[in-house]
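Chemist: Please construct the entire structure, taking both the sequences and the accompanying hints into account.
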Amino acid sequence: MKSQTNEQALEATIEKQLTGTTLEAIKEQGLTVDGVNEAGDLYRAGNGYYIGQPHNFNPQFALDEQYFWQFLETTQKEELEKLQKQSDWKLKILNRFDRMIKKYGILHLLKKGLEVDDAHFTLFYQLPMASSSASVKENFEKNLFSVTRQLRYSVDNPREEIDMVLFINGLPVVTMELKNHWTGQNAKVHGQHQYKTQRDIKQPLLQFARCVVHFAVDTDEAYMTTKLNGNYTFFLPFNKGNNHGKGNPPNPFGHKTAYLWEEVFTRESLSNIMQHFVRLDGTKKDALGSRTLFFPRYHQMDVVRGIINHASKNGVGQTYLIQHSAGSGKSNSITWAAYQLIEAYPENESAAGDKGMEHPLFDSVIVVTDRRLLDKQLRENIKEFSEVKNIIAPAYSSKELRDSLEQGKKIIITTIQKFPFIIDGIADLSDKRFAVIIDEAHSSQSGSAHDKMNQAMGQQTEEEDETEVQDKIVRAMQARKMRGNASYMAFTATPKPITLEKFGVKQEDDSFKPFHLYSMKQAIEEGFILDVLANYTTLRSYYEIEKSIEENPLFDTKKAQKKLRAFVEQHQQTIQTKAEIILDHFIPQIVNKKRLKGKAKAMVITQSIESAIRYYKSLKSVLDDKGNPFKIAIAFSGTKKVDGIEYTEAEINSFAEKDTRDKFNEDDYRMLVVANKYLTGFDQPKLCAMYVDKKLQGVLAVQALSRLNRAADKLGKKTEDLFILDFFNSTEDIKNSFDPFYTSTSLSEATDVNVLHELKSVLEDVGVYEWQEVEEFNTLFFNKANAQLLSPIIDVAAERFKNQLELEDDEKADFKIKAKQFVKIYGQMASILPFEVVQWEKLFWFLKFLIPKLPIAEDVDNVDELLNSVDLSTYGLERVKLNHSIGLDDSETEVDPQNPNPRGAHGGDEEKDPLELIIKSFNERWFQGWEATPEDQRVKFISLTKSIQAHPDFQTKVADNTDEQNKDLAFRRILDDVMSKQRKQELDLYRLYAKDPTFYQAFFDTMKRMSNVGNL
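Just so you know, the working numbering puts 335 at position 314 of the sequence shown, and the rest follows in order with no gaps.
Keep in mind that the hints were calculated from the coordinates and are not lab data. Some clues are possibly wrong.
Distance condition first, Cα-Cα at most 27 Å in a straight line; then the derived DSS-like pairs of lysine-lysine [said to hold, decoys possible]: (1) LYS223 / LYS305; (2) LYS163 / LYS133; (3) LYS735 / LYS684; (4) LYS158 / LYS124; (5) LYS661 / LYS620; (6) LYS261 / LYS527; (7) LYS217 / LYS277; (8) LYS132 / LYS111; (9) LYS106 / LYS163; (10) LYS647 / LYS707; (11) LYS124 / LYS111; (12) LYS638 / LYS698.
The calculated label-pair distances, taken between Cβ atoms and stated as ranges, are [what the hints assert, rightly or not]: (13) ARG1012 / LYS735: 43 to 51 Å; (14) ALA279 / GLY251: 26 to 34 Å; (15) GLN1022 / ASP605: 24 to 32 Å; (16) PHE274 / THR218: 52 to 60 Å.
Here the structure is a predicted model, which is why all the values come from computation and not from measurement. No residue lacks a Cβ here, since even glycine has one placed at the ideal position from N, Cα and C.
Modeler: So this is what it looks like as structure tokens:
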């Protein structure tokens, strides 16, 4: 007998785990479902679920009538008897239920019950806590959990079915569409598609808040949504993560998604989720359809449960480092943790301490955060979760905080800035027990502020000097602050080493790891944040400073070089040039392309407040010349004097400093210039471009660049919309900064412009096109020739690719990938390159039209995925160069200006050595690519020139030749011959010569001029 690998097999697997048996097994044994359910033996053998039957489901009221009435009759008979005198008592209850669920949703009825006339029905007995009475524990066991397969949910079409539905006391809480990879279908595509397009969302069961959550599940992955809205339905992954990325890890005992039915859907777990996690935002006054129903993602549920379980077992005085990336939903995680911590009870006497097991672990939970929205969110959550409302208080002054603690408020919210000032005169708190949740633990947790915070929690103080701030924090935590009356939960995306040591879990090898991890990699792969490094471009500055012969500081020491660089980079003229580059990119590429529906914004990050002010002036000046297409703002703290004039943020912006964040959110403002302000904790989803002129490293690099990663689905924000232009840092620096917080390397170094030389060379070696075809195509294209004249050129190359060259499938894939990579990289780089290479430009346009005509086999190592991954931003060039196609040729000649009369360099009016002039003209453009001192270069040039002049063909075919065209061809052959012989001795030079066509052209012209100077 073959294995069952279809959806029915997955249904049976889930059913077996939840109920202890399957419909297939019951049928095979000749039993009935009713008989098995009534026997009750199997009910306890599984996870305590009964087997539901489709015919018991009432699609009009969206409930399982068998278990709905059975629950009420066995648990609340007296309340039912109040209504049973009426002939239509069942219909009356159902109509009342229908009205209330349409108005408030199922969550309200599960928590508050149903009132009909003078009867009150509890519809769900809550999961007991450790301190709950025996009656509460007994009541929970009276709940009837059931699972129904192939549920016919539609009033209008009785044949329509949903694969599985989970019920509590007859009320639907989870629907599932199941797919099996082995049948060629999966949850992400086919399961979600089924919910979006093939399920009638007007039917009661699928209406918003009528059922809590809808899952698309296969053997590998799970996705969920709380609101079905046709094609606009937004599914969230409900996966554990694998290798710090998306998906789920292999499960040695079954399917990868088995945690759903083995862990999440158990009676206790599902009840815990309904009671303590699921929440409906807004108020009862709001229309139900306008509200949002929150169901936790797996990592949110997992971290909160992890903290609660650990605290219950180990008591107070613990530290927890939760490393959750942006996009993890930290606000919700903190809210859920705060509420559940106030209801956490010890599991044993040792965890209880001296207060006993009947008392909660913590007297108060203090949330230390700078998030303005978290206060409001916490308050709303507590209204949903807690019967007692007056347990939460903000504290923005030391008096408020002290009063809140003394009044026994259960949840207290304060800011990082305000918290330390409660020290003086605070009441004795050492007999109280606290859970302190620190949002973004690194942000202000250093120095005396955090030391004072711990002094408050531990009461004792000692005098210490102010040296070694971060070491002092650790000593303070260890010596006197963590004495058992407080547990600390630190939430951060980017823990510094000191934070890891202070809050992390110590390993056997004395290293420290986070208590819980949701990585940046997983957040990016799951689509919650965007990959800010996908379109990262560096622009290196090269410059020389005038200097006297006596003082030559340029190459003296690293310190001197750093000072000189700072001098040049902050000079107004340099900043003006960079400002023009910035706007030359931002206006055509971001503004004119109406990215993010015309609302896209940029941030300019500068080295200092002085630089920020100079940048602002330069950008404003350029914008004035362009008619001010948009407004810009600046952000910095305090007062700064520049060129004798004092400036403040408010004076420059013409509005109050506190309004900058809100003003920048307005559509008129498109660019914000900063030095240090707003580099951390600033959420602006409309940001999609960043121009960096500041050293960024470590945590600051990750935090600053991550300002771009906020998703904005309503604006259609995609990774392709992001762009970073970095004047200061190398890609290697940024990669090294991100790696510790990412767990895998994401920064592609392909945007190093030199890779275009290599790609072009590799592409040409294949032989798909001849360069003459590229030239011909561009000539016709830019002269607006009829498309019929262009097609034959492209088709000839495509035919070579398909047939004539007899390429293997992997060779075809490799060529197409590299062609798309060339188009992507050049498209991204072209508008900001400090020089122009006409051959790149021409190849770009040729390949753009050729690529769509290159077919490849679909089974070559996920080629489609590879191609998509490199097709991020082919937009970069598409109008930037079109209007400058002639100028490109002009610019090409400017790269290496020709000497109109090279032999005239011997004229008596010229005081300098003509050889020095030639070498200097070369070095000014190319010294950064050739690592040799000027004197070394001079020697090499002379040596090579002598070799050329000594070549047997030089005199007859070059020196004495009057035909310029033939003379050039002969010189090229001689130069190639000489260079190939010099290859081993001059490897660096030969590599540039062979692989960089622009370097080659400049070098060729230089050697030609030198060879004409005369005998050396």
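Chemist: Between LYS735 and LYS684, is the straight-line Cα distance small enough, at 27 Å or below?
Modeler: Satisfied, since the Cα-Cα distance of roughly 20 Å is no more than 27 Å.
Chemist: Quick one, are LYS124 and LYS111 close enough, alpha carbons at most 27 Å?
Modeler: 20 Å, holds
Chemist: If I claimed the Cβ atoms of PHE274 and THR218 lie 52 to 60 Å apart, would that claim hold in this structure?
Modeler: 35 Å, violated
Chemist: Starting from LYS163, check that the Cα of LYS133 is at most 27 Å away, please.
Modeler: Distance of about 17 Å is within 27 Å: holds.
Chemist: Taking only the CA atoms, is the gap from LYS261 to LYS527 under or equal to 27 Å?
Modeler: The hint holds at about 23 Å.
Chemist: Below or equal to 27 Å on CA atoms is what counts here, so check LYS661 against LYS620.
Modeler: 31 Å, violated
Chemist: Would the pair LYS132 and LYS111 pass a check requiring their Cα atoms to be no farther apart than 27 Å?
Modeler: Holds. LYS132 to LYS111 sits at ~22 Å (cutoff 27 Å).
Chemist: Assess, step by step, whether the Cα of LYS106 is no farther than 27 Å from the Cα of LYS163, and give holds or violated.
Modeler: Between LYS106 and LYS163 the Cα gap is close to 26 Å, so the pair holds against 27 Å.
Chemist: For the pair supplied as a hint, LYS223 and LYS305, is the alpha-carbon distance within the 27 Å limit?
Modeler: Between LYS223 and LYS305 the Cα gap is close to 22 Å, so the pair holds against 27 Å.
Chemist: Would the pair LYS217 and LYS277 pass a check requiring their Cα atoms to be no farther apart than 27 Å?
Modeler: Roughly 24 Å separates the two Cα atoms, so the pair holds.
Chemist: Per the hint of 24 to 32 Å, is the separation of the Cβ atoms of GLN1022 and ASP605 within bounds?
Modeler: Since GLN1022 and ASP605 have Cβ atoms about 26 Å apart, the given range 24 to 32 Å holds.
Chemist: Would the hint linking LYS647 and LYS707 be met if the CA-CA limit is 27 Å?
Modeler: 23 Å, holds
The structure does not agree with the numbered hints 4, 5 and 16 stated previously, though it agrees with the rest.
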